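Make the full structure from the sequences, and use the hints.
Those sequence lines, one after another, are chains A and B. When the letters of the first sequence are read in order and numbered with this note's numbering, they come out as residues 1 to 260. When the letters of the second sequence are read in order and numbered with this note's numbering, they come out as residues 261 to 425.
Among the hints, erroneous ones may be present.
[Said to hold, decoys possible] Label pairs and their computed distance ranges (CB to CB):
| hint | chain 1 | residue 1 | chain 2 | residue 2 | range |
| --- | --- | --- | --- | --- | --- |
| 1 | A | Ala-202 | B | Asp-266 | 48 to 54 Å |
| 2 | B | Pro-278 | A | Thr-259 | 16 to 22 Å |
| 3 | B | Ala-270 | A | Glu-247 | 46 to 52 Å |
| 4 | A | Pro-30 | B | Cys-415 | 40 to 46 Å |
| 5 | A | Leu-32 | B | Cys-415 | 18 to 24 Å |
| 6 | B | Ala-270 | A | Leu-59 | 36 to 42 Å |
| 7 | B | Leu-413 | A | Asp-158 | 20 to 26 Å |
| 8 | B | Pro-281 | A | Ala-258 | 54 to 60 Å |
Please keep in mind that the hints were generated in silico from the structure rather than gathered at the bench. A quick note: this is a predicted structure, and the numbers were derived from the prediction, not measured. Backbone N, C-alpha and C define an ideal beta-carbon position, used for all residues, glycine too.
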Amino acid sequence: MSTPIDYLLHLADNAVVLGQRNAEWCGHGPILEEDLALANVSLDLIGQARLLYQRAAELMGGDATEDKLAYFRDAHQFRNYTLLELPHHGPLVGYAAADRDYATTIVRNFLYSTLMVLVWDKLLQSKDASLAAIAAKSLKEASYHLHHSRDWLVRLGDGTEESHARVQAAVNHLMPYTEEFWTTSPAEGAAVAAGVGIDVWALRPEWDAMVNEALEEATLTRPNFHGYVTEGKVGLHSEHLSYLLGEMQGLARAHPNATW
Amino acid sequence: MSSNVDKVWATLEHLTDPEIPVVTLRELGILRDVRETADGVEVVITPTYSGCPAMGQIEDDVRASLEQAGIAARVITQLAPAWTTDWMSDEAKEKLRKYGIAPPHHTPKDVSVVKFVRRADTAPVACPLCGSTHTVVTSQFGSTACKALYRCLSCQEPFDYFKPY
Ligand SMILES: [Zn+2]
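Okay, structure coming up:
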C-alpha cells in the first residue's frame with residue numbers, strides 16, 4: 001500500500017498553520033527573548049512543513065510542488081487541526097487583531113508539541129522511509145518546542161494572580177479542541193493500514209499523563225469536556241483559517257512564480 | 261577515480277558556516293560525503309534544523325565553490341540519518357568555545373527524546389569565557405534555533421549555548 005497523500009498533508013498543514021500563527025508574534029513578542037523564541041519555533045515548523053510538502057509532491061508527481069501545496073490550495077483542502085488555526089485570542093481578551101494573548105499561544109504550543117513529541121517518536125518506525133527521516137528531525141525540534149512551552153506554562157500558571165487567571169482561561173478555551181486529536185480521519189485510518197501512519201488513539205494515555213503532570217505543576221485545573229468535536233483535519237474549518245491563508249498565500253497568488 | 265573525490269574535498273574542505281565562520285561545514289557534519297557514482301561525483305549535504313535559513317546559503321556556497329574550481333558534481337541533500345551535534349569533532353567544539361559559544365553536550369544516549377523532555381534540566385553548561393558552571397538559562401531559543409541564551413553568574417557575561425540536537 002502506498003503512502004496516503006492526505007496523511008502527509010495533514011502533518012504538513014498542521015506545521016505550516018501553526019508556524020504561520022506563531023510568526024504573527026515576530027516583532028510583537030512580549031519580551032525580546034520570546035519574540036526570538038517564537039520566530040525560531042515557527043522556522044522549525046515551516047521547515048518541517050516544507051519537507052512534508054516536498055514528500056507529498058514527489059508522490060503526487062506531475063507538476064505538484066511544495067509551493068503549490070502551500071499557496072494554491074483553499075481552506076477546505078487544508079487538513080490541519082482546528083486548534084492550530086485559532087487566533088491568539090484568549091477568552092479574556094477582545095477580538096481586535098492586536099489583542100494577542102500570550103497565554104493562549106503558550107498553551108496551544110504546549111498541547112500540540114506534547115502530542116507531536118509522541119507522534120514523531122512513533123513515526124520513526126514508518127514504512128515510508130522519507131517520513132521516518134522527517135520524523136527523526138522533527139522529534140528533536142518538537143522536544144525543544146515542548147521544553148519551551150511547558151516551561152512558560154508552569155511559570156505563568158504558578159506566577160501572579162493575573163498570569164494564572166489568563167493561562168487557566170486559555171486552558172479552558174483550548175482544551176476542548178484537543179478532542180480532535182483522538183478521532184480517526186479517513187486519511188489517518190488509511191495511513192495506519194499502510195504501516196505509514198500511527199494510531200493516535202494509542203498515544204492518548206501518555207499524552208494525558210504528560211499534560212496532567214504539567215498542569216499540576218503549573219497549579220492549573222484541567223476542564224471537563226463533553227461537547228462538539230472539531231473536524232479541521234477532514235477540511236471542515238473555523239472561519240479563522242481563511243483569514244490566515246489570505247495573509248500567507250496573498251503574495252504568492254498575486255505574483256505567481258515570483259522569486260526574491 | 262578517487263582523485264576526483266579528493267579534488268572535491270580539497271575544494272570544499274575550508275568552506276565555513278555562514279553564521280559561525282570559525283567552523284567548517286565538514287566539522288559541523290553538514291558536508292557529509294563526497295562519492296564517485298556512475299553519473300559522476302556526488303556531494304552529500306545534510307540539513308541541520310528543518311527551518312534553518314542558512315541551509316540555502318550553504319548549498320549556494322557549495323555549488324559556487326565547485327563551479328569556481330571547474331568541477332562538475334551533483335549536490336544532494338540527504339535527511340537520514342538525521343544530523344546530530346554529536347558529529348562535531350572535539351576540535352570544532354573547542355573552536356566554538358573560543359569564539360564565545362558554549363559547545364553542545366552529547367545527546368543523551370540511553371534515554372528516548374520523549375523521556376528526555378520530561379526530565380528536569382540536564383548537566384550544567386560551562387561559561388565559554390571563564391569556565392564557570394554557575395550559569396543559568398535566559399531563553400531556550402537564542403538568535404538562531406540551534407542556540408539557547410545563557411548567563412554566567414560568575415562573570416556576569418551572557419553567552420550562547422549550541423544545543424544538543
Ligand atoms: Zn563566566
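Violated constraints from the hint list, given by number and in increasing order: 4, 8
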